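Engineer: Each chain, written out:
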Amino acid sequence: MKEFSIIGKPTPNVDGPAKVTGEAQYTIDMTLPHMLYGKLLRSPYPHARILSIDTSEAEKLPGVKAVITGKDTPGGKWGLWRRFRELSDQQALATDKVRFIGDPVAAVAATTEEIAEKALDLIEVDYEPLPAVFDPIEAIKDDAPMVHEDFPSNINATRHIEWGDVDDAFAKADYIREDRFVLEAAHPCAMEVHNSLASYDKGTGRLTVWTSTGSPYFVQLNLAEALKMREGDIRVIKPHVGGHFGGKNSTMPDAVNAAILSMKTGRPVKIVFNRDEEFTTTEHRTAQHMALKLGLKKNGEIVAFEVKAMTNGGAYTGLGATTLYLTGTFITMPYKIPNYRYDGVRTYTNIVWGTSIRGFGAVPGKYCSETQLDRAAKDLGVDPLEIRRLNAVAPGYTAPGQYTFESCGIQPCIEKMVVRVKEKWPTIEKDEGIGYCGFAYMSGGIFNWIDTPYAYSSAHIKVNWDGTVDLYSQAADVGQGHNTVAAMICAEELGIGIEDIRLHMGDTAHAYTDLGAWGSRETLMNGNAIKDAASQVKQKLIDIARLKLGENIAYDLVARNKRIFLELRPERGLSYYDLVKDAIRQNDGVPLTGTGHYTPHNKGMISPAYGMGIMAIKAKVDRGTGHVTARDVLVVHDSGQIINPLGARGQVEGSIHMGLGYGLCEEMPMDQGMLLNPEFVDYKILRTRDMPEIEILEVPTYEPNGPFGAKEAAEATIAPAAPALANAVYQACGAEFFSNVLKPEKVLKAIRAREAKNNAASQAKE
Amino acid sequence: MKQQLNIVVNGEPHELFIEPKTLLVQVLREHLGLTGTHQACDSSSCAACTVVVDGMAVKSCSILALQVNGREITTVEGLAQEKSLHPIQQAFIDNWAFQCGFCTSGQIMATKALLDENPDPTREEIQAQLDGHLCRCTGYNMINEAVRDAAKRLKARKDLESQKWLQTAKSGKGAK
Amino acid sequence: MPNYRCPMCRKICATHLDLARHYLGQTDKKHKEWLKTQGLSYAALIKAQVTEFGNNGYEALAKVLQKEATVIDEI
Ligand code: FES
Ligand code: FES
Ligand SMILES: [Zn+2]
Chain A
16 MKEFSIIGKP
26 TPNVDGPAKV
36 TGEAQYTIDM
46 TLPHMLYGKL
56 LRSPYPHARI
66 LSIDTSEAEK
76 LPGVKAVITG
86 KDTPGGKWGL
96 WRRFRELSDQ
106 QALATDKVRF
116 IGDPVAAVAA
126 TTEEIAEKAL
136 DLIEVDYEPL
146 PAVFDPIEAI
156 KDDAPMVHED
166 FPSNINATRH
176 IEWGDVDDAF
186 AKADYIREDR
196 FVLEAAHPCA
206 MEVHNSLASY
216 DKGTGRLTVW
226 TSTGSPYFVQ
236 LNLAEALKMR
246 EGDIRVIKPH
256 VGGHFGGKNS
266 TMPDAVNAAI
276 LSMKTGRPVK
286 IVFNRDEEFT
296 TTEHRTAQHM
306 ALKLGLKKNG
316 EIVAFEVKAM
326 TNGGAYTGLG
336 ATTLYLTGTF
346 ITMPYKIPNY
356 RYDGVRTYTN
366 IVWGTSIRGF
376 GAVPGKYCSE
386 TQLDRAAKDL
396 GVDPLEIRRL
406 NAVAPGYTAP
416 GQYTFESCGI
426 QPCIEKMVVR
436 VKEKWPTIEK
446 DEGIGYCGFA
456 YMSGGIFNWI
466 DTPYAYSSAH
476 IKVNWDGTVD
486 LYSQAADVGQ
496 GHNTVAAMIC
506 AEELGIGIED
516 IRLHMGDTAH
526 AYTDLGAWGS
536 RETLMNGNAI
546 KDAASQVKQK
556 LIDIARLKLG
566 ENIAYDLVAR
576 NKRIFLELRP
586 ERGLSYYDLV
596 KDAIRQNDGV
606 PLTGTGHYTP
616 HNKGMISPAY
626 GMGIMAIKAK
636 VDRGTGHVTA
646 RDVLVVHDSG
656 QIINPLGARG
666 QVEGSIHMGL
676 GYGLCEEMPM
686 DQGMLLNPEF
696 VDYKILRTRD
706 MPEIEILEVP
716 TYEPNGPFGA
726 KEAAEATIAP
736 AAPALANAVY
746 QACGAEFFSN
756 VLKPEKVLKA
766 IRAREAKNNA
776 ASQAKE
Chain B
727 MKQQLNIVVN
737 GEPHELFIEP
747 KTLLVQVLRE
757 HLGLTGTHQA
767 CDSSSCAACT
777 VVVDGMAVKS
787 CSILALQVNG
797 REITTVEGLA
807 QEKSLHPIQQ
817 AFIDNWAFQC
827 GFCTSGQIMA
837 TKALLDENPD
847 PTREEIQAQL
857 DGHLCRCTGY
867 NMINEAVRDA
877 AKRLKARKDL
887 ESQKWLQTAK
897 SGKGAK
Chain C
43 MPNYRCPMCR
53 KICATHLDLA
63 RHYLGQTDKK
73 HKEWLKTQGL
83 SYAALIKAQV
93 TEFGNNGYEA
103 LAKVLQKEAT
113 VIDEI
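Residue numbers (this note's numbering), protein chains in the order written: chain A, 16 to 781; chain B, 727 to 902; chain C, 43 to 117.
Hints were generated in silico from the structure; no laboratory data involved. Keep in mind that this is a model prediction, so the values were computed, not measured. Hints may be right or wrong, so weigh each one.
Each computed SDA-like pair below joins lysine to any residue, with the alpha-carbon atoms no more than 20 Å apart [to be verified]: (1) A:Lys-156 - C:Glu-110; (2) A:Lys-156 - C:Asn-98; (3) B:Lys-809 - A:Pro-27; (4) A:Lys-699 - B:Ser-769; (5) A:Lys-217 - A:Lys-243; (6) B:Lys-728 - A:Glu-128; (7) A:Lys-308 - C:Glu-94; (8) C:Lys-71 - A:Asp-157; (9) B:Lys-747 - A:Thr-127; (10) C:Lys-71 - A:Ser-103; (11) C:Lys-72 - A:Ser-168; (12) C:Lys-72 - A:His-163; (13) C:Lys-72 - A:Glu-128; (14) A:Lys-24 - B:Lys-809; (15) A:Lys-92 - C:Thr-69; (16) A:Lys-156 - C:Ala-102; (17) C:Lys-78 - A:Asp-157; (18) C:Lys-71 - A:Ser-168; (19) C:Lys-78 - C:Glu-110; (20) C:Lys-72 - A:Glu-164; (21) C:Lys-72 - A:Ser-103; (22) A:Lys-24 - B:Ile-819; (23) B:Lys-809 - A:Glu-101; (24) C:Lys-71 - A:Pro-32; (25) B:Lys-878 - A:Pro-27; (26) A:Lys-699 - B:Gly-858; (27) A:Lys-156 - C:Glu-94; (28) B:Lys-728 - A:Pro-32; (29) A:Lys-699 - B:Gln-855; (30) A:Lys-699 - B:Ser-771; (31) B:Lys-747 - A:Glu-129; (32) A:Lys-308 - C:Lys-71; (33) A:Lys-699 - B:Ala-854; (34) A:Lys-308 - C:Asn-98; (35) C:Lys-72 - A:Glu-101; (36) A:Lys-187 - C:Lys-71; (37) A:Lys-156 - C:Ala-86; (38) C:Lys-53 - A:Gly-416.
Here chain A stands alone, though its shape is the one from the complex (with noise of 0.2 Å):
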């Protein structure tokens, strides 16, 4: 494998001595002279008409700047399904009704929080209440009751996949098992609520807003059709972000609220939720329900699969609709299935809606697939590992008309992950068991339902007279550490360090598109974009060298160590810095520039490339209690070549440490559509005391598409935790769940269930 002065090594966050030092500046700690807060009355119906509002009495409210309903809006619609118009469904305020509790109706700006939230009481707002639905199940039925217009039986969204002749090879199965499936909700709690800060130039038509999101280029996009401006008048910052995991991709009512309330008042407008909001008004991983069929031979080896999906999208549409589609991809992977049919039904409900959060798709989907699969293992005599090496894909593996493998690491992780749980687990105490998963996730997807006509990433640098180099670039970090590797990638390709690189990233005004951090994109993406860009530079200076060092033309220059020089004969080159000075120079005294894209082409429905590996947890079921322990973790991961080691293990950590909450902990009880617990008090996450220390082994192939060999590793893991952890209970005690949080009451009904079982049996048997 090639050789790298700065990939590949332990790197430490380029963001980091601000972020330790508190220097760091995040959207909820800015302000901005003459600045006004805003702040949104909410409906307290789960769907409602709305009769009349009335504000006058808040607009009387000294310090109150401006009150603002749905018709001092714009009133243009947005969303992320560009691509099917009827599915932008989003807008600033409600017009004609409420369709969950939180959707805004008016909005208000005052010189302080304070005296805006009085004025939020002093808006009298009637309402029809019309019934309500909350359950997909409840919605899709003839006469539910409509979400939206000209959404018939609330279908938001439908997805079929099919390949194979599923209902020959069904016929043709030794085995075939039936389950279904019902998955909670689950919030992705970034420590840092929505909030954003618009301030509009009524000089200039122009607005510019800073925003806590993971994808400038969406809100940019988003708030000109909100507003009906064009895209070019809005610029977006994402200064720092504390946490996206998903749920800070489509354009919230704090954006275009406080853009329109500084339109109206011509000062700039800040709106920050609060944690109630932020939980009970931003959006959410989907519940649903799921039904499985697997026919597998003897042996183990899967001949068919279907698998139905219904999601209780909520109000809106968000990324919801592309999680409906993904759900019933990577409920495939990492496995050969030669024959699979998979139908997906995304319904509006009136709740908060279901969206992209991390790891979207494969979460609830690998949950239930991975459970059967253990149960369909047990049935048949064959070791849960087994059946996972016996399935798993090898490289070049297609899913017809879906997705290729290009780089695979899966069997290498599997053959690894047998002889190490070996050594690390050689006996297991009683009421202990191991439980496994295999996974695997996109790096970046390939679908464009946002309809953007720019390519997907793009990274465009300056080099400076110094050697300096000013990289920029719309690609997001989120926290995920993507400032590092881009840095990184662009040092690589120049052959010079990191502190020679500045980032200007996540400013819609100051560099070109990238499409934001989702998906696992950027390092894939982005990185090919910045590679792109900096090889440009790079070869500008070969060619200058090339003439100055006048050697053979048949010999290779290298960028590297801060010197341009022969491959084979090390000591003939050039400085870098010099080399930088001749080019400049040569160039009219312009500096050194590369504008590098890139966008997927030919690689599937899905993504150019997939991390994958396998995940076993040894947990520890307390049989009086019921009380479940995540005891060691270990993961064997293909995640290509590694950018950043450091990175890529905080990824995997924290991609663990959310998918176990999904499994133990995290859960949205609602009733009639009021979330009952929105806040950290009642909502738990995982605290450091709850988390078993993760081993990680990384198994590293070479991926064609990514730069330098590289691919995802920030959403694969979260996915395989919770059904790993359940089928670790399984194995220790029998128990079988249908549902993914496994709280001590549910595990205690499932022991009870299994003993009943297992004595029906013994008696049936006598």
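Given the coordinates of chain A, work out where chains B and C with the ligands should sit on it, guided by the hints.
Structural biologist: Just chains B and C with the ligands, lined up with the frame of chain A:
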């Protein structure tokens, strides 16, 4: 009625007039512009807002500013010395102990209070001290490792200092 | 070989089952309305497709399309 508040923050004395109901976090973030201290909840349940008051880790969202009248407060902005970062900060960077960084100032300040008390904590002791500190990014293990690394660095620094002191004492010049 | 042409957007498919898949993948009003004229309900077809194993929703529509959407040698 506004009341007078005298506090020393990061070594600098401040005299302010504030509404009695003002929280310490508001004084820090809004009055003094120290936005390194973050707020991530409204229910005193995330510890992102932790600062050190007279050596103790305190949630600045859960205490009135007037309750710390006359006290000394250290925030994340007050840890680094002139050009170099504090060993805890450096350990957080070197161990990738943060991602988005939003919970980080709270984690760092709680670590400061912990290591001042207990210079060599175990994994379990660190978990006990940092248990209320929610982090959605890291999964905590890398924070735990950073804290242990910071403890080692602080010990090394202390050893070096006492060595130096011993040398100066031996050479007869004496400490000033 | 007959082909099948969507009565609403004129998309051509090789089999009536494929055309049914295309048809139910469309979210616009036009496509949904025509089903009514055939005595079918969009919601009922989707429901059959996603709540039961098999291709029941598509097959029900395909039967109608076989009669209503056959075209001879158009491509
Ligand atoms: S802000 Fe959450 S505890 Fe202080
Ligand atoms: S680093 Fe993001 S919440 Fe802790
Ligand atoms: Zn059609």
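Engineer: What are the numbers of the hints that this structure violates, sorted from low to high?
Structural biologist: Of the numbered hints, 1, 13, 14, 23, 24, 28, 32 and 36 do not hold.
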